[in-house]
Amino acid sequence: MAQSLDKDTLARAAIGAPGPQRGTLGRRVRNTFTAYGFLGPAMGLVLFFFVIPGILLVVLSLTDLSSANFSDPWTFIGLDNFERLFADPFFPKILRNTVFYVFTTLIFFNLGLALVLALVTTNIPRRSGFFFRLIWLLPRLTPSVVYILMWKRIGQADPFGIYNQLFPEFLGASGGNLFLGGSPWTFVILTNGFVGASFGMIIFTSALESIPKDLITAAKVDGANVWRIIRDIKLPMIKWPLLFIATYQTLSLLTSFEYILLLTEGGPGLFTTEVWALTAYKRAFASYFGNSQWAFGATWAIVLVTVALLLAVIYVKLFKFNELIEEPRIENL
Amino acid sequence: MTTTEIEPQLQPAGPLHKTREKMGRRFAYGFLILSITPILIGYTWLVIATISTRTEGLLPRNAQGGIGGFTLRNWDFVTDSAIWNAMLNSLLIAVAMVIGVGIASTAGGYALSRMKFAGRKTFLSMTLVLHAFKAEMLLIAIFFVLRFLGDIPVIGNYIGFNTVGGVALVMIALELPLGIWLMKGFFDNLPWDMERAALIDGASRFRVWWQIMLPQVRPGLAALSLFTFIAGWNAYLVPFTFTVGTKVANMPVFLNQLISDTAPTNWNAVAAVGLFQMIPLLIFFIFTQELLLNIYAGGSKGT
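Chains as they are written, first to last, in our numbering: chain C, 1 to 333; chain E, 1001 to 1303.
Take the hints with a grain of salt, since some may be wrong.
With a cut-off of at most 27 Å between alpha-carbon atoms, the simulated DSSO-like pairs for lysine-lysine come out as follows [what the hints assert, rightly or not]: (1) K239(C) with K213(C); (2) K213(C) with K1022(E); (3) K213(C) with K1018(E).
Source of the hints: derived by calculation from the structure; they are not laboratory data.
Excised from the complex, chain C in its bound form (with noise of 0.2 Å):
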């Protein structure tokens, strides 16, 4: 059955207004594999990597899977991992270690200091603020491994370490290594606040710069000096992307672990900066006496896993990011 063009559907179709009738079930039928072919290497990879992977994990931390018992088939063990996971004597010290990082992390840079710097380099010249934002992005840009080997350097032991030369016994340096003795958190922090602040940065800038400016100029005028219009002023006007980037960053610290695997493994000495990533990272992959405990690492990562996907739909849902989705207008063509 060939569509009849008459003048009244061009000059429906001219306009935008959908068709006289929703299209036949051929049509649609069509339509959807049309899409569905558009769709297809982005699905085939969404199912390789995300669907199947996250059952797998279910599936595995159910086994009791390892390097040792890897020809022979899967036993499944119930809940013992589960169970083991819990009993671990240094469960309590993993928890509040990742509690302790995600939310120092979060709170002294992804967004203290990244508001700060949005609205230090929102108040100067423009050029300028364009340069302080552009060489805080450079930790974001270098290859973590090359960036971890600066902050090695830094806080390296005497006579080698940058700190240790420049400020001899300041601040508990001490002449030693400073992220393998004195002070490991302190250079776990740092070397992920230095790149976790410059996202939260340059989401502030936009926001705080697409501020009417006559707002801030009435303020002026009546006489409110800068802290007012940063407190009464600016902070109401960008509190959506300051929700935003607190959510966004606590997912992203409690799910990633490279820098500090590539600076302390967790150490030193026993779980000291190690987080719940890690340790599922390390069961699995890099576990003590040459054993890969995949099932057990798998029992780890699922409860992250579990944990990580709840506070996305959350946040999606928090931030109504389902109104973004717009209805596609010309189907019916």
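Mind docking chain E on chain C? Use the hints.
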């Protein structure tokens, strides 16, 4: 009567106010300079270390312990074939990512932005959640997926565990939610007129996508490509987890092997390799500044 224009008196012109403003500005610059010091120190060390025999703090030292001892010996690695192999692997991963993420997200983003089909909402919400969700925790399970892919006859040798192709596939998948979401945003911003006209004239969806839509999202695609290239070039965790040995190592993994395998670490040679690896990034950093600041803000502004 004539009305005189009233200019808002922004700065009460008192000497006290002027000094206060000056103080404020000085404080701002002081704070900013202080804040970037660690970054600058790190890079200064990296540069100094590559051209000296050894360093103490930021000072290059010669054999007698005095200042000096400059050398180019740290750059000897450029004649080593292992590093060029690693570089090739890095390049392969980065280029595969640019192509893979580019194709999958422009096609997927187009369908999600312009077409109505069953399951659209579900897939869109899923990409959104996955975009917020950091997939590093799935690596354990992806390990098994890769081993399975490696068992496929013939092509398994190129996409399984411990292959550059396998690493590239995983990296493409991990960047995909961001890519799809970005490209969908770019398509959303395009006007509908041209596309509608072409469809009325009987052009196929594919032709519309290829000939009409793609040229219009070129700036967005360029931004996405730059972002994925950098992500691929810098990739450490995925290649480190899914490769064994030096043959399939990319630059970051190669560099890390250099740091941990040789005892004591030759920091200056390592620094030279590190700087070498950063050359393309520094070129981007110098020539695409505005674009970089925009794409790391989530790319919402594109160009």
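Which numbered hints turn out to be false for this structure? none
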